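Trainee: Protein chains in written order, with our numbering: chain A, 1 to 349; chain B, 1001 to 1261.
Just so you know, these hints were derived from the structure itself, not from any lab. Keep in mind the model is a prediction, meaning the values are calculated, not measured. No incorrect hints appear here.
Some chain A residues well away from chain B (every beta-carbon gap over 10 Å; in silico):
# : residue
1 : Asn61
2 : Gln68
3 : Thr190
4 : Thr242
5 : Ala244
6 : Gly257
7 : Gly283
8 : Leu291
In silico DSS-like pairs for lysine-lysine, Cα to Cα no more than 27 Å straight-line:
#  : chain 1 : residue 1 : chain 2 : residue 2
9  : A       : Lys319    : B       : Lys1072
10 : A       : Lys130    : B       : Lys1211
11 : A       : Lys297    : A       : Lys168
12 : A       : Lys145    : A       : Lys276
13 : A       : Lys297    : B       : Lys1120
14 : A       : Lys334    : B       : Lys1120
15 : B       : Lys1072   : A       : Lys130
16 : B       : Lys1072   : A       : Lys334
17 : A       : Lys319    : B       : Lys1120
18 : A       : Lys202    : A       : Lys167
19 : B       : Lys1120   : A       : Lys276
20 : B       : Lys1120   : A       : Lys264
21 : A       : Lys319    : B       : Lys1163
22 : A       : Lys297    : B       : Lys1072
23 : A       : Lys202    : A       : Lys285
24 : A       : Lys168    : A       : Lys262
25 : A       : Lys130    : B       : Lys1120
26 : B       : Lys1120   : A       : Lys262
27 : A       : Lys334    : B       : Lys1163
28 : B       : Lys1200   : A       : Lys319
29 : A       : Lys262    : A       : Lys297
30 : A       : Lys297    : B       : Lys1163
31 : B       : Lys1163   : B       : Lys1211
Coverage of chain B stretches by chain A, computed from C-beta distances (three or more under 8 Å per stretch; other residues unrestricted):
#  : stretch
32 : 1052-1065
33 : 1075-1086
34 : 1115-1122
35 : 1135-1146
36 : 1153-1162
Cβ atoms here follow ideal geometry from the backbone N, Cα and C, with glycine treated the same way.
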Amino acid sequence: MIENHPRINFLWTAVFIIAALFLPLTSADAVSTTISATVKITVCGDGVVETPEECDGSSLNGASCTTQGFTGGSLSCSSACEFNTSSCTSAPSGGGGGGDGGGGGIVSAPSTNAVFSGKAYPGSTVTLLKDAQIAATTVAGADAKFSMNLSGLSGGSYIFSVYSEDKKGIRSSLLTFPVSVTSGTTANITGIFIAPTIATDKSEVRRGDNIAIFGQTVPASELTISVSSEEEFFMKKIADATGAYLLNFDTSVLEMGQHLTKSKSALNGEITAFGKVVGFTVGTKNVVAELPKVAAKGDSNGDGRVNLVDFSVAAYWYKRTNPPASADLNGDGKVDLVDFSIMAFNWTG
Amino acid sequence: MKNFQFSIFNFQFLALVFLLLPNIVFAATAVTEIDTRGIEVNALEGTLVLPEGMRIREIQTGNSVILIWLEKPRQTGNAITFAGITPGGFTGTQPVFSINGDFAAQDLDGVRFTSVSALKNDGSGASVPARMSLSLASFRADSELPEEFTPTIASDPNVFDGKFFLVFATQDKSSGVDRYEVREGRWGFFREAESPYLLKHQGLNRDVYVKATDNAGNERVAVLAARVHRAWWERYGLLAILMVIAVVTLAYKKAWIRFTK
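Using the sequences provided together with the hints, build the complete structure.
Mentor: Shown next as C-alpha cells:
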C-alpha cells in the first residue's frame, strides 16, 4: 500500500490540474441554452463515412480510382476525409514509343463535367445558369430536345437553372435543381422538362366572353391548364406539332374580379411543374393584353435581362434613402431583402 | 489488492476526464443550415449571436446555398450578420456558411439566431417560417482555385452619378471566396474592392484585373481588356521615356567623345 503512494499522488495531482483547467469552462457553460439546434456530429477519422465526408480512413465508401474517372491506381483517403487521387493513373493518351520499347503516357487529372439533357420547345433557345450566371446556351431541336455540356467544374454543390423562350419571345419559369458534383467525374442530369409558356389575349375580359390562353410546350404533349379564383378549373389540351396550344375559356363560369391561370405539360410519363402564373380580370369590358414583358421587374438597365449588373444597381441602394424606382421594386420607399427576392424570382442571368 | 486499488483510482481518474471531456475547447468547424420546411426560398438574412467566450477564427461560404451575398457573413462583436439571394430558389435543409474556431459542442447550445427572414421564391417577397440551426461538421481542405469569372463594366444613371463601375462575382466550392481585389492597368498594386466598384479611370483605356482569393489563399485573376486602346506612347509611357533617355545619353556621350578628341 505504501509503495502505491507515489502513483496515487501522481493521479490525484493530474486530476486536480485537469479539474483546475476545465472548471471555469464548466461554469461558463451553465449560462444559457436557447436554441433548439439539431446537433449532428461527424467525425473525420473514425472510419465511418458520414455526410459531407467522401471517405474516412480506410473506408472509401465503395469508391475507387475508376469511379473517380481514372483507369487504375490506388485511391486513398486524405486526413480531411476527401479522396486522394494522387496515386491514381489514367490510360496513356500519347502514342507508344519507338524501337527502344519506350513510350510513356501522359497522366492528367480528370476533368469535372456535367451533361444536361431534356425538353424545351421546338427551335427555342435554352439557357443554362450555373450558380445564377449564364454558363451555356443551346437551341432545341424540332422535337424540343436539347443537350448541353459543361466542363471545368470543381467538386462541390452547384445550383443549376434552365429556362427557355418560345417562338413569341415569352420566357418560361426558371427550373432550378441543386447538383452535387464529385471532382474528376461527369454528372449526367437527364429528364429536364421545362414548363410550358403561357399568356392570355386579354388583360381584362367582359364576363361571359372568351379569353384565349396560349403558349408553347413539347409537341403532342398533354397540357393541364388551371384557371383559379375561389374555385379552380382544370382543362386538358394537346399541343400541336409545333408545340403550340390554345384554350378558349368561357368566362361565364367565373366571378367578377381577379383570376389566375397557369399550365403544366405531360408526355410519356414525364410531367413538368406548373409554369408561370398569369393574371387577368373578369369585368365589364375587354382590354387587349400585351405579351408578357421579358424580364420586366428587376431589369434596372432595360437590357432585357435580370443579372449581376441589375443586382449591383440595387445593391448600391441597399438600405439607402430615396432609391430610384428601378431599384425599389415593390415601391415601399426602401431597398431591402424583399426587393432582392423579387429580383431573384425574375432572374435571367 | 494492489491491482484493485490501482484500478479504483484509475477508474476515478478516467471518470473525471470523461465527465470533463465534452467541455474541452478545441479547433472545430460548425455549419449553419437553413430548413425551408418544404417551401421554395430565394432570399435570406439574419444574425447569428454567439455565446460569450466562443472564439471564431474564420467564416467560410464555400458550398453555400446562397449564391450572391448582399452582406457576406461577417463578425461584429459576438454577432455574425448575413444576407443574400439565390436566383431560382431552393428547398430543404441547405448549408449557409461555416465557422471555424475554438469551441466545443456545448458552445453551440448557447448560440441563437435573431432577425431571420427567409422569403418565398414567388415574386411576392412573402416571409417563410424557415428554421436555422448550427451543427458540428468536418473541416474541408481546399486546394482548388476560385472558379473562372468574367467581370463586367456597366453604368447606370442612378449609380455613382452615371459613372462606369465594375461588376464581379465568382464561387469557390471548398472554402468560399474571402475577398476581391482590383487593379486598373498593367502596373500598380491590387486594392481590396467590393462589387459594384467605381472605376478610377473612366476613360476605360486600361485593362482591369480582378483577383478573387478564397479562404485557403488560392487566387484566380480575371482580366477585362480595355475598351479604348491608348496610343502607344500612353501604353508604354515609361518604356518610351527610358528609351528617349537612353538615346539622349548615347548621343551626349558620342558628342562628348568627339569634343574631347
